[in-house]
Amino acid sequence: NAGVTQTPKFRILKIGQSMTLQCTQDMNHNYMYWYRQDPGMGLKLIYYSVGAGITDKGEVPNGYNVSRSTTEDFPLRLELAAPSQTSVYFCASSRLFGRSANYGYTFGSGTRLTVV
Amino acid sequence: KQEVTQIPAALSVPEGENLVLNCSFTDSAIYNLQWFRQDPGKGLTSLLLIQSSQREQTSGRLNASLDKSSGRSTLYIAASQPGDSATYLCAVRGAGANSKLTFGKGITLSVRP
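Chains as they are written, first to last, in this note's numbering: chain Y, 1 to 116; chain D, 117 to 229.
Treat the hints as calculated values from the structure; they're not laboratory data. We treat Cβ as the ideally placed atom computed from N, Cα and C, and that holds for glycine. A hint or two may mislead.
Said to hold, decoys possible - Beta-carbon label-pair distances, calculated as ranges: (1) D/PRO124 <-> Y/GLY53: 16 to 22 Å; (2) Y/GLY40 <-> D/ALA145: 25 to 31 Å; (3) Y/ILE15 <-> D/GLU131: 42 to 48 Å; (4) Y/LYS44 <-> D/ASP183: 23 to 29 Å; (5) D/SER162 <-> Y/SER67: 24 to 30 Å; (6) Y/ARG77 <-> D/ASP143: 28 to 34 Å; (7) Y/THR114 <-> D/SER169: 29 to 35 Å; (8) Y/GLY40 <-> D/LYS117: 36 to 42 Å; (9) Y/LEU80 <-> D/GLY176: 28 to 34 Å; (10) Y/GLN17 <-> D/PRO229: 31 to 37 Å; (11) D/LYS117 <-> Y/ASP73: 39 to 45 Å; (12) D/LYS158 <-> Y/ILE12: 30 to 36 Å; (13) D/ARG171 <-> Y/GLU79: 27 to 33 Å; (14) D/ARG171 <-> Y/THR5: 42 to 48 Å.
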């Protein structure tokens, strides 16, 4: 059981370039999330999805886009990279909201992105 | 808006000490609270999850408590070891159906041999 898999682990981008951060989960979780983590700032939610075809903005969505065509995949796209997007990005997933099971979050290992 | 606070930001203790990490949150309408561990340059590992109806959860040397009415949680680490050195993050999930986790900034723990 792989859990949440993120690729790539590291990436250096030049200002203005574009890239897609990949995220896949094999736990059949409905909910998926993208967070960014900056030193001393904690984790901030970028976008989230409650199921295939449904996405919504989090706290810091500017400069990013997402799609959710399948339950398993939730890619994050940066269209015009800026130095302010230098950060560590984490993808996470959780089960459908309900009453009796463990509805904790499972996180991927992160993508460290540097924009120069 | 939910706010989660973890104080102090850093803590250094000698090996063998029992210690308590604190977490406070402003909105008591939560669904659950989760403690994570993060090693330098790594992802987040879930340690304990407490549902809003529970008072505590235990796993090995770790015990997490929840007092929802006062907006507080503690993570108790017994007989600390150098391998416990890491950043510990507290996160709460709101009570709504599509609610998300709100994180504290974490406590960086150093256990000295």
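Evaluation of the provided hints:
1. The given range of 16 to 22 Å is broken by D/PRO124 and Y/GLY53, whose C-beta atoms sit roughly 44 Å from each other.
2. Restraint check, Y/GLY40 to D/ALA145: a C-beta distance of roughly 28 Å satisfies the suggested window 25 to 31 Å.
3. At about 46 Å, the CB distance of Y/ILE15 to D/GLU131 agrees with the hint of 42 to 48 Å.
4. Under the hint 23 to 29 Å, the C-beta atoms of Y/LYS44 and D/ASP183, about 27 Å apart, fit the expected range.
5. Between D/SER162 and Y/SER67 the Cβ separation comes to about 27 Å, which falls inside the hinted range of 24 to 30 Å.
6. One distance hint, 28 to 34 Å for the beta-carbon pair Y/ARG77 and D/ASP143, holds here, with the actual separation near 32 Å.
7. In this structure, Y/THR114 and D/SER169 break the distance hint of 29 to 35 Å, their C-beta atoms being roughly 44 Å apart.
8. Taking the beta carbon of each, Y/GLY40 and D/LYS117 are about 20 Å apart, not inside 36 to 42 Å as hinted.
9. Between Y/LEU80 and D/GLY176, the C-beta spacing of about 47 Å breaks the proposed range 28 to 34 Å.
10. As the Cβ distance of Y/GLN17 to D/PRO229 is approximately 45 Å, the hint placing it in 31 to 37 Å is violated.
11. Roughly 30 Å separates the CB atoms of D/LYS117 and Y/ASP73, a value that falls outside the hinted 39 to 45 Å.
12. Our hint of 30 to 36 Å for D/LYS158 and Y/ILE12 is violated, since their Cβ atoms are close to 20 Å apart.
13. One distance hint, 27 to 33 Å for the beta-carbon pair D/ARG171 and Y/GLU79, is violated here, with the actual separation near 47 Å.
14. Take D/ARG171 and Y/THR5: their Cβ atoms lie about 35 Å apart, and the range 42 to 48 Å is violated.
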